[in-house]
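Could you build the full structure based on these sequences and the hints that come with them?
Here's the letter readout for the chains.
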Amino acid sequence: MPVDRRPWLLLSPALVFITAMVVIPMAFILVYSFYENIDLAVDVPAFQFGNWQELFTDSYYHTAIWKTLRLSLIVTVLAAVLGYIPAYVIAMTKYRHKWLLLLLLILPFWISFIIRTLSWIHIFGNQGALNGLMNLLGLGDLPFQIMYTEFTVIVGFIHVFLPYMILNIYVSLEGIDENLEPAARTLGATPWQAFREVTLPLSLPGLAAGSLLVFVLTGGSYVTPLILGGPSDFLFGNLVYDAVVTELNWPMGATLSFTLLFLLGSVVILYSRLMGMNQLAKAFG
Amino acid sequence: MKPRVWTLLKFYTVLVYGFMFAPIVVVLILAFNSSQFGGFPIEGLSLRWFYKLAENEAIVRALRTSLLLGVLTALIATTLGILASMALVRYQFRGKQWITTFLISPVLVPETVLAVGLLIFLRWLHMPRSFGLLLIGHSIIALPFVVLVVQARLIGIRKDYEEAARSLGASPMQTFFQITLPLLMPAVFAGALFAFTISFDNITATIFWRPSGMETVPTQIFGMLRNSVSPEINALGFVMICITVGLPLLAGGLARYFSRRKV
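So the protein lines, in turn, are chains A and B.
The first sequence runs 174 to 458 under my numbering.
The second sequence runs 191 to 453 under my numbering.
Among the clues, some could well be false.
Unchecked claim - To give a feel for the contact side, a few chain B residues facing chain A, derived at Cβ under 8 Å:
| id | residue |
| --- | --- |
| 1 | L199 |
| 2 | M210 |
| 3 | V216 |
| 4 | G229 |
| 5 | P231 |
| 6 | L273 |
| 7 | L293 |
| 8 | V299 |
| 9 | I310 |
| 10 | F311 |
| 11 | P408 |
| 12 | F412 |
| 13 | M430 |
Keep in mind the hints are simulated off the structure, nothing from the lab.
On a predicted model such as this, the values are computed, not experimentally measured, just so you know.
Cβ coordinates follow ideal geometry from the N, Cα and C atoms, glycine included.
Next comes the structure, spelled out in structure tokens:
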């Protein structure tokens with residue numbers, strides 16, 4: 174049977190585009206990490222391990238890796254805790270305007286990320302709503318310094334990524350046969366037992382996919398700490414930003430980028446080994 | 191389930207929704223605050239910051255750049271996305287699963303890494319930061335989402351219509367433009383709108399790609415933030431939310447209204 178060329182013809186623009194603009198550049202940053210930086214924005218092709226040596230020996234970079242993993246984990250766990258119950262309520266409710274609840278979940282995706290992030294300055298800042306409220310109630314010495322701490326960075330991340338978590342959990346809860354919990358009840362399970370032994374395990378794929386998504390998105394960020402954090406609240410992505418945008422040290426920027434790709438890629442691969450790849454495909458489908 | 195527990199869960203849900211929307215509502219309200227500071231207290235209501243906004247040349251220029259970039263990104267990403275989706279849904283071929291994963295793969299790369307990779311690669315090819323780089327980059331970021339949206343819709347369109355057109359003598363091109371594309375239009379619009387929003391909203395990669403002196407709305411806001419939140423930013427936030435939320439809602443509402451009237 175002759176090979177049908179038409180699908181490949183249709184696919185070729187997208188495939189060429191992604192290959193040239195994503196795959197090759199990703200390989201290229203590895204090559205570039207061996208280049209040598211001489212001066213601001215000046216580098217020469219070389220094959221030397223200076224950048225990698227710096228990465229492996231300077232504890233500054235190790236601190237950043239540790240901070241990034243720690244913060245991503247905190248954000249992921251809190252988002253899961255905050256997000257599970259709303260997902261459950263939306264999936265189980267008999268409310269006639271359920272579509273409205275779902276629309277409201279998708280709405281944040283349409284609202285500018287930077288506006289959503291800076292909006293927390295209005296809540297926690299010196300002139301923010303919280304301090305204003307405290308003032309009205311006549312509480313304590315004002316203003317409270319809450320803004321520009323790790324706390325506000327975490328809140329900012331959760332605020333932006335929570336909809337991903339809720340939607341993923343919701344999709345997997347929605348797919349559960351609604352007769353299963355009543356069946357468990359008939360067989361003598363308490364409501365809590367029925368939830369814990371039937372619904373919760375069946376919703377785990379969604380919870381797992383949402384968690385992975387939030388973890389990877391947080392781990393790759395750098396803008397949120399710049400807006401909501403103090404000087405010591407930086408992630409690994411901020412080092413990439415500093416190297417490329419501020420110091421114009423491109424080879425180091427390439428080295429750090431490849432490291433970030435490797436770290437987050439390892440998390441994805443490790444996780445998909447544990448969870449099974451088709452669950453992840455579902456998360457992005 | 192006990193009604194009391196259910197009430198508690200519902201209350202918790204309302205709180206979480208409050209957490210998601212309260213800060214945004216605050217921005218929308220503060221946009222109308224007449225005070226010369228961007229925060230509380232609210233001293234009075236006025237439109238002065240909207241007028242100030244319209245007079246701010248840097249912001250108007252950034253808005254123009256963002257709109258142009260968004261529209262062009264939508265055009266490129268949607269065109270590539272439709273072609274690829276047609277192949278994936280309408281044809282059987284080997285390695286399809288693999289190709290689908292490949293098309294979605296840019297989503298899996300952290301945006302920071304994607305940005306640095308493309309920047310350094312194109313610089314090596316002697317193509318420095320430019321509007322073109324922004325356009326290529328935004329299209330890459332938007333493409334996977336367009337593919338997902340269009341594909342989902344295309345699966346829902348039965349192949350019978352196309353086969354009927356073909357058996358009545360239409361060429362493949364005629365079939366595509368007169369049967370498939372009109373049926374696909376809602377998905378094309380949804381995909382294009384999605385791509386536009388992704389581009390219009392992007393900051394993470396844009397900071398790396400923009401040439402010096404060129405600002406998009408998010409990078410402009412980011413630059414203005416260095417000191418504090420100025421009232422102009424609140425007004426700009428209001429305008430942006432109207433563009434990215436108001437327009438799609440309006441379009442969706444109108445589409446619904448007209449489709450109902452037709453029936």
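Under the constraints set out in the numbered hints, which ones does this structure not fulfil?
Nothing - there is no hint that the structure violates, so all of them hold.
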